[in-house]
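**Student:** Chain residues, written in single-letter form:
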Amino acid sequence: MQFQRVAPSFGRSFLALIALGAVATAGVGRAAEAAPDSAAPVAPAPHSPGEIQAQPPPFSDGIFPCSECHTEPGDPTRRALGAHEEIQQVFDHDSANRWCLDCHDPTNRDVLRLASGAQVPFSESYRLCGQCHGDKYRDWRLGVHGKRIGSWSGQKTYFLCVNCHNPHSPRFQPLHPEPPPVRPEAMKR
Amino acid sequence: MSERQVPEVQPAPCARPEDGPGEALFGGREGIARRQFLRSTLGTVAVAALAGCTMEDFFRKNFRELSKGDLADIVQRLEKKYSEKYAKAVTVGTEGPLPNVIFGYGLDLSRCIGCRRCVYACVRENNQSRQNPQIHWIKVLEMDKEHGVDLTHADAYYDAETVPRPGHFYMPVQCQQCRHPACVKACPVGATWKEADGIVVIDYDWCIGCRCCTAACPYGARKFNWAPPDLPAEEMNPDTHYLGNRPRMKGVVEKCTFCIQRVRKGLYPACVEICPVGARKFGNLLDPASEIRQVMETKRVFIFKEELATEPQFYYFYAT
Amino acid sequence: MPAIFDFIKGGIRLVTRGSGTYWLWLAALFVGIAIGVFGYAHQFRVGLIATNMRDQVTWAFYIGNFTFLVGVAAAAVLLVIPAYVYQWKPIKEVVILGELLAISALVMCLLFILVDVGRPDRLQHIIPFIGSPHWPSSILSWDALVLNIYLLVNLLVVVHILYRSYNGKAYRKNFVVPLVLLSIPLAVGIHTITAFLYNGMAARPYWNASILAPRFIASAFCSGPAVLLILFQVLRKATGLEIKDEAIWKVAELMAYAMFFNLFLLGAELFKEFYSATEHTLYTRYYWFGIGAHRALVPFAWLSLAASLIAFFLFLIPKTRKNWITLNLGCILIWAGVYIEKGIGLVLPGMTPDTLGEIYDYRPSANEWMVATGVFCTGFFIFTMLVKVAVPIMSGTFRTVAAGMTHSGARAS
Numbered sequence: 001m002q003f004q005r006v007a008p009s010f011g012r013s014f015l016a017l018i019a020l021g022a023v024a025t026a027g028v029g030r031a032a033e034a035a036p037d038s039a040a041p042v043a044p045a046p047h048s049p050g051e052i053q054a055q056p057p058p059f060s061d062g063i064f065p066c067s068e069c070h071t072e073p074g075d076p077t078r079r080a081l082g083a084h085e086e087i088q089q090v091f092d093h094d095s096a097n098r099w100c101l102d103c104h105d106p107t108n109r110d111v112l113r114l115a116s117g118a119q120v121p122f123s124e125s126y127r128l129c130g131q132c133h134g135d136k137y138r139d140w141r142l143g144v145h146g147k148r149i150g151s152w153s154g155q156k157t158y159f160l161c162v163n164c165h166n167p168h169s170p171r172f173q174p175l176h177p178e179p180p181p182v183r184p185e186a187m188k189r
Numbered sequence: 001m002s003e004r005q006v007p008e009v010q011p012a013p014c015a016r017p018e019d020g021p022g023e024a025l026f027g028g029r030e031g032i033a034r035r036q037f038l039r040s041t042l043g044t045v046a047v048a049a050l051a052g053c054t055m056e057d058f059f060r061k062n063f064r065e066l067s068k069g070d071l072a073d074i075v076q077r078l079e080k081k082y083s084e085k086y087a088k089a090v091t092v093g094t095e096g097p098l099p100n101v102i103f104g105y106g107l108d109l110s111r112c113i114g115c116r117r118c119v120y121a122c123v124r125e126n127n128q129s130r131q132n133p134q135i136h137w138i139k140v141l142e143m144d145k146e147h148g149v150d151l152t153h154a155d156a157y158y159d160a161e162t163v164p165r166p167g168h169f170y171m172p173v174q175c176q177q178c179r180h181p182a183c184v185k186a187c188p189v190g191a192t193w194k195e196a197d198g199i200v201v202i203d204y205d206w207c208i209g210c211r212c213c214t215a216a217c218p219y220g221a222r223k224f225n226w227a228p229p230d231l232p233a234e235e236m237n238p239d240t241h242y243l244g245n246r247p248r249m250k251g252v253v254e255k256c257t258f259c260i261q262r263v264r265k266g267l268y269p270a271c272v273e274i275c276p277v278g279a280r281k282f283g284n285l286l287d288p289a290s291e292i293r294q295v296m297e298t299k300r301v302f303i304f305k306e307e308l309a310t311e312p313q314f315y316y317f318y319a320t
Numbered sequence: 001m002p003a004i005f006d007f008i009k010g011g012i013r014l015v016t017r018g019s020g021t022y023w024l025w026l027a028a029l030f031v032g033i034a035i036g037v038f039g040y041a042h043q044f045r046v047g048l049i050a051t052n053m054r055d056q057v058t059w060a061f062y063i064g065n066f067t068f069l070v071g072v073a074a075a076a077v078l079l080v081i082p083a084y085v086y087q088w089k090p091i092k093e094v095v096i097l098g099e100l101l102a103i104s105a106l107v108m109c110l111l112f113i114l115v116d117v118g119r120p121d122r123l124q125h126i127i128p129f130i131g132s133p134h135w136p137s138s139i140l141s142w143d144a145l146v147l148n149i150y151l152l153v154n155l156l157v158v159v160h161i162l163y164r165s166y167n168g169k170a171y172r173k174n175f176v177v178p179l180v181l182l183s184i185p186l187a188v189g190i191h192t193i194t195a196f197l198y199n200g201m202a203a204r205p206y207w208n209a210s211i212l213a214p215r216f217i218a219s220a221f222c223s224g225p226a227v228l229l230i231l232f233q234v235l236r237k238a239t240g241l242e243i244k245d246e247a248i249w250k251v252a253e254l255m256a257y258a259m260f261f262n263l264f265l266l267g268a269e270l271f272k273e274f275y276s277a278t279e280h281t282l283y284t285r286y287y288w289f290g291i292g293a294h295r296a297l298v299p300f301a302w303l304s305l306a307a308s309l310i311a312f313f314l315f316l317i318p319k320t321r322k323n324w325i326t327l328n329l330g331c332i333l334i335w336a337g338v339y340i341e342k343g344i345g346l347v348l349p350g351m352t353p354d355t356l357g358e359i360y361d362y363r364p365s366a367n368e369w370m371v372a373t374g375v376f377c378t379g380f381f382i383f384t385m386l387v388k389v390a391v392p393i394m395s396g397t398f399r400t401v402a403a404g405m406t407h408s409g410a411r412a413s
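These protein sequences, in sequence, are chains A, B and C.
Every letter in the first sequence is one number past the one before it in this note's numbering, and letter 135, counting from 1, is 135.
Every letter in the second sequence is one number past the one before it in this note's numbering, and letter 98, counting from 1, is 98.
Every letter in the third sequence is one number past the one before it in this note's numbering, and letter 259, counting from 1, is 259.
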């Protein structure tokens, strides 16, 4: 029974890997097609997972590595925890259907867990977000969603999803705006 | 976890400020004497020549007619002048357009929250006058969802504790770098023109301040220096371009240049880098892999005041 | 060059002799010019922030006055056409005065441009060969060219005729007539090009209407000569210069037709705006009815219309046209009506609301009033000086000694 459960997920991840590889190759191919104008600066094609240069994950001070505290595998039963109070208080990311250990790997708290059970490092947390938010993930990889800094013609650094969206309470918080412009009648010498 | 701070990135400077010729010429006691001498002679000339214009300024040619040597002389003079005035090593670049590049700008109306960080990042990067006149190259219009994109119900002076305000959306407007610019058509002295990479530029030393361009622009993009600009020396960005963010003077027009001093070196404009919600996209329209091309091919894009056939290189879109 | 010195000496004698009214007039003009110089010095120092123009309303009082005065300069043509083309003698004698008005108006136009630009020290950039005028696409570069050519043509004609008269000789027809005939299309040209300056801006729907150029011509023709009609009456009394009633009434009649055309075009424009009622009506609505609390221009709109209508009827009906009181009242009314229409009624609604929907209620600042006063007084001063010398020449009392008559400065005032 265990094998039956595992085999389909292996197959799925294998297919996923092939698909991603195909996309990456296509991306490289597209970049190559642009090359004929050899002097044209070409934006780097969307990379395969793990090759995207990104900002570091926004850990709170001293929180990582988690394995310093979490030495035992976790109990997958959903319950109120004795620690991480401030996270539990704000947690509203599909909280009806999900809790901590659906995304945080129960056996190794230093990594995240995809639906297949595959583990991804925190630096590639976008792969986890992309499972449900596929259209955003596609747009993010193209640079259409979210933020990239650096060079429009060369090396860019992506902002991870979690650099802008709190994964535990992702709704964007309103900001205090900068001051409005001075009215024309108020500009005098 | 306490309230998440959206990381705000200050745009990376184009170059590291170095100890340049300014230090050697004007530092120390010799420098003071030299400054005083220069001031007294130049002072006489300035008085005679009205409004501080020198004989060289009076007889110079339009930027596009200058020889390489003349341009180099002018740049040298400007760097000296600015370095002295702002007590920094100011550089004035003259980088031309990159080959096979036509810039495109995308603005995601479904994302902009009206925080105005772009407005002030632009002011800092591009050395605009801070007050009397206060010059903003970017204007953010607050509109409401009931009326949609309707200028008669737009408000640039909104102020609130937090944005976005419920029921409202935000539309920043800046120079659209039109392919058929009305301002270029109108200028009587040829002080403004469109470069090969699409940026519409102004030669501040040629502009006569008649404001035909300001009247002709359908997007309110062109701003006039109604008084000598107020640019505090400590806030001055010393990495400048002749056609871009070098300090302007009283009586001339200025506008957004897509941060020409940055983009011609491969960097993003300041407004793109500072936007906390990633609403601004920028790249080379000739590169099919660029994010701006992706936007145009996959999102709902519209042109502001399209009926005027100005064909901007600025595209508004809705990502969601 | 003794002849020219005599002319200058004689001219100085003419302008320094006059009645009490004359000196009072000059004193008022000098005060006005001084106010203007003081105001402009302040503006030159601190920048155009001394005006109330801002990015939202970037052309206003100065350019409005400029536009009106180009119309006045063009209107001298109204006298030229009948005089030279139809050889209508009663007007022929006084055409010079029309051209002197055109010259003074053109000087005022150029002064208003000078005070409006941000960098007057760079105006040479618009001169061919020295600068780089943006031909043919910039309408302002065309305007600069034709205004100066028109000024030159008028100067040439006037100087030639007056100097020949001064020497007791008739003017040379083959020099004057072609130039004068050239000045007709030039006059229409300067005002059409000024209209095109506004007309060509797609960004300003209020201006971007084909009717603008015809309206400019009509309003110029119906208002410019009003000053001359008053001047003719003054000169007849003060100098004994012979100007037939016929000439004055004919000009008034031609003005009446121009007024009708002006009102017709206004009606046509109002129909289009209010019947089709698109969003672009906003600008017209701002002018005639205001938008919300922004009602600064509304009283002027209706005042201008009333003045133009009353003047039209006064000029149209022969009885009131030939009555000196109602004629002069009509002159003042049409001058005021068109002045408001060309300035407040054209420039400000074109820019309010601005291109991003903002309404900035512009009113001229004290500084702008001072500078405009100075420019108008300069123009009237130049006109006074020119007329003071020209009229004695025309009436034959100012001649060279060689022409067999003495300078008689006393009679010339």
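In case anyone wonders, no lab produced these hints; they're calculated from the structure.
The beta carbon of each residue, even a glycine, is placed where N, CA and C say it ideally should be.
Fair warning: there could be bad hints in the mix.
To be verified - So the derived label-pair ranges between C-beta atoms look like this:
hint, chain 1, residue 1, chain 2, residue 2, range
1, B, Gly266, A, Glu68, 52 to 60 Å
2, A, Pro106, B, Glu311, 36 to 44 Å
3, B, Glu311, C, Arg164, 54 to 62 Å
4, B, Met296, A, Pro106, 53 to 61 Å
To be verified - Looking from chain B toward chain A, a few residues come up when the C-beta cut is under 8 Å (computed):
hint, residue
5, Ser110
6, Ile113
7, Val263
8, Pro276
**Student:** None of the hints should be skipped; say for each whether it holds.
**Tutor:** Cross-check of the supplied hints:
1. As the Cβ distance of Gly266 of chain B to Glu68 of chain A is approximately 42 Å, the hint placing it in 52 to 60 Å is violated.
2. Between Pro106 of chain A and Glu311 of chain B the Cβ separation comes to about 57 Å, which falls outside the hinted range of 36 to 44 Å.
3. Remark: the range hint 54 to 62 Å for Glu311 of chain B to Arg164 of chain C is upheld by a beta-carbon distance near 58 Å.
4. With their beta carbons about 44 Å apart, Met296 of chain B and Pro106 of chain A fall outside the hinted range of 53 to 61 Å.
5. Taken as an interface hint, Ser110 of chain B does not check out: its beta carbon lies about 10 Å from the nearest beta carbon of chain A, beyond 8 Å.
6. The restraint placing Ile113 of chain B at the interface with chain A holds, with a minimum CB-CB distance near 6 Å, inside the 8 Å limit.
7. For Val263 of chain B, the interface hint holds, since its Cβ comes within 8 Å of a Cβ in chain A; the closest pair sits about 7 Å apart.
8. A least Cβ separation of about 7 Å between Pro276 of chain B and chain A falls short of the 8 Å threshold, and the interface hint therefore holds.
Consistency with the previously given hints fails for numbers 1, 2, 4, 5, ordered from lowest to highest.
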